[in-house]
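K.L.:
Each chain, written out:
2 protein chains.
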Amino acid sequence: MSKVRVASFSISVDGFGAGPNQSLKEPMGVGGMGLHQWAFGTRTLQKMFGRDGGATGVDDDFIQRGFENIGAWILGRNMFGPIRGAWPDEQWKGWWGDTPPYHCDVFVLTHHARASIPMEGGTTFHFVSDGIHAALDRAKAAASEKDIRIGGGAATIRQYLQAKLIDEMHIAESPLLLGTGEPLFAGVNLPELGYSVAKRVPTEAATHYLITKDH
Amino acid sequence: MSKVRVASFSISVDGFGAGPNQSLKEPMGVGGMGLHQWAFGTRTLQKMFGRDGGATGVDDDFIQRGFENIGAWILGRNMFGPIRGAWPDEQWKGWWGDTPPYHCDVFVLTHHARASIPMEGGTTFHFVSDGIHAALDRAKAAASEKDIRIGGGAATIRQYLQAKLIDEMHIAESPLLLGTGEPLFAGVNLPELGYSVAKRVPTEAATHYLITKDH
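Chains as they are written, first to last, in my numbering: chain H, 944 to 1158; chain R, 944 to 1158.
Since the hints were made in silico from the structure, they are not lab data. There's no promise every hint is true.
In this list, chains with the same sequence are indistinguishable; a pair is considered to hold if it fits within one copy or across any two.
To be verified - Once the Cα atoms are required to be at most 20 Å apart in a straight line, the calculated SDA-like pairs of lysine to any residue come out as:
1) K1107 <-> F1070
2) K1142 <-> G977
3) K1156 <-> G1024
4) K1156 <-> A1129
5) K1107 <-> P1061
6) K1156 <-> A982
7) K1142 <-> M976
8) K1156 <-> Y1103
9) K1156 <-> T1123
10) K946 <-> A1056
11) K1107 <-> T1123
12) K1156 <-> N1132
13) K968 <-> G1040
14) K968 <-> R1020
15) K1083 <-> R994
16) K1036 <-> K1089
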């Protein structure tokens, strides 16, 4: 059965998935880059950045598992870029250059329709302006038997959690405080929605939690 | 220099320091007991419960350090008991029986004045109805050169954090979700108040964070 998954989503000790004031210069919001320190050095991400080496181990295993068997992604508009409101032109094609690391269909939630963008390496960005259920339906059709990964940000994940549409969520808590930004848990009563912590794995750099939905 | 400290304060992954609906039967709120699993089995707490044995190690070290050099405590009204509003009589003397584990002056924040209660073992409960600063002044006078421990709950800690009066806060994050209850970080921008994570120590049972104020 195809699963809907969140993977390698980093949060601060005080529960923020990104800092405030996201911009072209600060894609993760102010202070938000620190959330991902546990991930940057892993072999899987280093390889994506075109570099050899990098650390293996638990952190890397989580990163790797997050990419396994994924047939489509769903991203919130802000994960795709810093532009708000209507698209001024067709120039912005995501943060990731010519060859984004998705290599499959990526559905971007937005209020502003736009033509799909085929990129190098098999990624195609699609823009879905009729809501989270429509995006998931399209992602499921595109993924066929494979899993769907909800990439974020926090607001997008919260919407899918509230609709009980996420089967499995891996979060990594980094040892820093952000104080403000995008809260992952705000207004989401996870136990009430049927979610619980299935697994906890602390490493030197982060505490990993696997949160699953009881069926 | 005398310090104002929070120690061994447990929170859930989603940031709650107690469950909802505290009552005589559920002093930590519904589901809140699970927050403290990392602590119950330690040698220091087992000894307090009058039992031999118990685990030593990092969890126990944190519990032990939390009691070291403490000259006075401050507790929110709800940490002292489940009664809300005016005291119906003088019967309620805390959750802890005749010999509470404080062995020093304990200042309870309340809107409802009440005479001090001397208990066995050196604990005296005092009731402070003129605010958190007055309580801290009295605690400092009582503690002399020793430290003050803010015992909780979450709302009391938040007030002292917002007033930048806490020097050091040890929290232990337990691997469970509460969904609702007493949030520790709500509306508190710790970095803006000068706080940061000075230390992180994960154990099998919890992730410990030492949060300190930059001077």
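K.L.:
Against this structure, judge whether each hint is valid.
P.N.:
We went through each hint and held it up to the structure:
no. : hint            : result
1   : K1107 <-> F1070 : neither (23 Å within a copy, 46 Å between copies)
2   : K1142 <-> G977  : between (24 Å within a copy, 15 Å between copies)
3   : K1156 <-> G1024 : neither (30 Å within a copy, 35 Å between copies)
4   : K1156 <-> A1129 : within (18 Å within a copy, 25 Å between copies)
5   : K1107 <-> P1061 : neither (31 Å within a copy, 52 Å between copies)
6   : K1156 <-> A982  : neither (25 Å within a copy, 27 Å between copies)
7   : K1142 <-> M976  : between (25 Å within a copy, 19 Å between copies)
8   : K1156 <-> Y1103 : within (12 Å within a copy, 37 Å between copies)
9   : K1156 <-> T1123 : between (28 Å within a copy, 17 Å between copies)
10  : K946 <-> A1056  : neither (27 Å within a copy, 57 Å between copies)
11  : K1107 <-> T1123 : between (26 Å within a copy, 17 Å between copies)
12  : K1156 <-> N1132 : within (13 Å within a copy, 31 Å between copies)
13  : K968 <-> G1040  : within (15 Å within a copy, 58 Å between copies)
14  : K968 <-> R1020  : within (17 Å within a copy, 47 Å between copies)
15  : K1083 <-> R994  : neither (32 Å within a copy, 56 Å between copies)
16  : K1036 <-> K1089 : neither (25 Å within a copy, 60 Å between copies)
Consistency with the previously given hints fails for numbers 1, 3, 5, 6, 10, 15 and 16, ordered from lowest to highest.
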